[in-house]
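For chain A, the structure is supplied; the task is to place chain B on it using the hints.
Quick note, the sequences are listed as chains A and B, same order.
Okay, so the first sequence: first residue is 254 according to our numbering, each after it adds one.
Okay, so the second sequence: first residue is 82 according to our numbering, each after it adds one.
If you're looking for bench data, these hints aren't it; they were derived computationally from the structure.
Incorrect hints may appear among the rest.
To be verified - Mimicking BS3-like on lysine-lysine, the simulated pairs with C-alpha atoms at most 30 Å apart in a straight line are:
1) A:K256 x A:K323
2) A:K310 x B:K86
3) A:K308 x B:K86
4) A:K271 x A:K310
5) A:K323 x A:K271
6) A:K310 x B:K149
7) B:K152 x A:K310
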Amino acid sequence: DVKVTQSSRYLVKRTGEKVFLECVQDMDHENMFWYRQDPGLGLRLIYFSYDVKMKEKGDIPEGYSVSREKKERFSLILESASTNQTSMYLCASSLLWESSYNEQFFGPGTRLTVL
Amino acid sequence: DQQVKQNSPSLSVQEGRISILNCDYTNSMFDYFLWYKKYPAEGPTFLISISSIKDKNEDGRFTVFLNKSAKHLSLHIVPSQPGDSAVYFCAASAGNYGQNFVFGPGTRLSVLP
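Pulled out of the complex, with its shape left as it was, chain A reads as follows (with noise of 0.2 Å):
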């Protein structure tokens, strides 16, 4: 069974704090993501990696970073935290066949609030 793990569950943090968002994934997936889900507009991607090191800007990036040192764990860093990205943040990874789409693998989330 594969498994996403999420650091926290729910965080509660002040504007201009870094805040980091820890992701960890057993089944030695390339891929991984990071996506923000809010109300009405669905999930949305802000960075992926599809290898360590490696790392691509999605549709949401600003005022965000990301870090992949090892392969299992994709991190998601707020530099200086503001109060709209308060929002459900999901992990995901899925594997990279270049032959075949593969489904991803969500974490719990994370839902992060900015006060």
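For chain B alone, kept in the frame of chain A given last:
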């Protein structure tokens, strides 16, 4: 502008009846589509997928239909069960086995006993 739309934010269905969830897309390059289900306080879980070379895919109570000319797909759940109550997301991806999916805003399904 959203490339994947789910125009019904919510849907209520009686237990045992059919649930039909709709999804429309604007990008004609999309060639692979998935449905995810999400319960509160959990991450989305994969439900069913369809490639653009097909117009129907079935898995137990779940069937997905794809109408490429209309850029429309639908998920049918028959018969609906109370445990199907969740938010359903439609997702799409474009060519070259792209690893990224564009998600719709979701439809909250409530199956009433």
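Report task. Please write out, lowest number first, the hints stated earlier that are contradicted by the structure. Result -> Per hint list: zero violations.
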